[in-house]
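Participant: Sequence:
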Amino acid sequence: MQTYSNTVLQNIISNFIDNAQKYYFTPITNGLINTTFLVSDTNNYPTYILQRVNSDVFLDTAALMQNINNAIGVLQHNTYAKIEFLKSKENKKYVSTTHGDWRVLTYINNTVVYNTTTNTKVAFEAGKIIGTFHSLLEKEDTTKYKDSIPDFHNLEIRKKQFLKALETTSVEQKTTAKKAITFTNTLFPILSPLQDLKIPARVCHNDTKLNNILFSKTNTKALCLIDLDTIMKGYFFYDFGDAVRTIVNTAPEDEKELSKITFNKELFIAFVNGLKTNSNFLTHEEIKTLPLGVVFMPFIHGLRALTDYLNGNKYYKVSYKNQNLDRAISLFSFAQKAAKELDFMTNLIYYGNPST
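For what it's worth, full-length UniProt numbering labels the leading residue of the sequence shown as 1, then goes sequentially.
The set of hints was computed from the structure by calculation and includes no laboratory data. Positions of the beta carbon are idealized from the N, C-alpha and C atoms, including for glycine. Some clues are possibly wrong.
SDA-like, lysine to any residue: derived pairs with alpha carbons at most 25 Å apart [said to hold, decoys possible]:
hint : residue 1 : residue 2
1    : K209      : Q195
2    : K82       : D151
3    : K209      : D151
4    : K146      : G73
5    : K146      : E156
Listed next, with one range per pair, are the computed distances between beta-carbon atoms [stated by the list, open to error]:
hint : residue 1 : residue 2 : range
6    : T29       : K164      : 25 to 35 Å
7    : G352      : T47       : 38 to 48 Å
8    : N219      : L166      : 44 to 54 Å
9    : T186      : S216      : 15 to 25 Å
10   : D343      : T283      : 16 to 26 Å
11   : L194      : D141      : 23 to 33 Å
12   : N219      : T47       : 40 to 50 Å
13   : K260      : L166      : 27 to 37 Å
14   : S216      : S319      : 27 to 37 Å
15   : K164      : T106      : 36 to 46 Å
Modelling step: build the complete structure from the supplied sequences, incorporating the hints.
Facilitator: Next up, the structure:
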């Protein structure tokens, strides 16, 4: 991972603010893609977020920032916290430097993110804020939004990428990944009903994992969604499934002990109840896709992680060699657990009856 000196970061942020020399930078390591720093003043008071956009993943920073700007202009409501990007001294939302493309956000004080939770209030609030996000964006024209990552959740494309990686990887990598590869064969057929959908495309967040939701430290109220780089056209079951996979499973995404991977029904009920407070925008056909979306999203994330492992860990940040493989197996395991709960999810979502 690239490291930056305090002086380099001060020089970068000086494109946006004065007196840059009085600020200090602490890495934020939650994200797997971009490089992010909490910016604090000499009194150790957090003020900004400084972030380098990963140009290996996001090939068009200008289009990405335009997507975000479009969405922020609509996400204006007294129940939704405002994300603000600073303009540079040249009146731009990001700057290009020899160290890459950088942007600055204002820091929202007294807030917290959760990687996992056992708290039903957190789950309820997560469902509620995702419903608010989509309600506010309901009328947005999807053609205004360019794909920041083309075919991000396109299963057919991801399958082709996986099969290509399988052909070109080493025998050693393939042998090590045998268990994960076997998982894919059992899960592909389950998801075939999602291949020919007749549901509306929407402006989606496309990465609604729990730690992309900002909560109040004071009352655990969900305030807004963060990490907006993947805002683009999609289907609601993407955002539903991504949130559920990180809320009802209390184990980390790269959990090695598969017995620790859970599908917590109380957390699922709480999430769905929260969503129902802001879900009038959903069509009947969209609602029918939601249970299978909870299988789809962990599977496609697992498939991407497995493909990246076979390709030599070029996409996701890893802290050890086999972390992407562990991610894949963990995600596939959760997808299998979710598949076993399809009837439970369907009964709750369609009929409000949580019985299995």
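Participant: All the hints need checking, so say for each whether the structure fits it.
Facilitator: Verification of the supplied hints:
no.	hint	result
1	K209 to Q195	holds, 23 Å
2	K82 to D151	violated, 28 Å
3	K209 to D151	holds, 19 Å
4	K146 to G73	holds, 16 Å
5	K146 to E156	holds, 20 Å
6	T29 to K164: 25 to 35 Å	holds, 31 Å
7	G352 to T47: 38 to 48 Å	holds, 45 Å
8	N219 to L166: 44 to 54 Å	holds, 48 Å
9	T186 to S216: 15 to 25 Å	violated, 41 Å
10	D343 to T283: 16 to 26 Å	holds, 22 Å
11	L194 to D141: 23 to 33 Å	holds, 24 Å
12	N219 to T47: 40 to 50 Å	violated, 23 Å
13	K260 to L166: 27 to 37 Å	holds, 28 Å
14	S216 to S319: 27 to 37 Å	holds, 30 Å
15	K164 to T106: 36 to 46 Å	holds, 42 Å
Of the numbered hints given earlier, the model fails hints 2, 9 and 12; all others are met.
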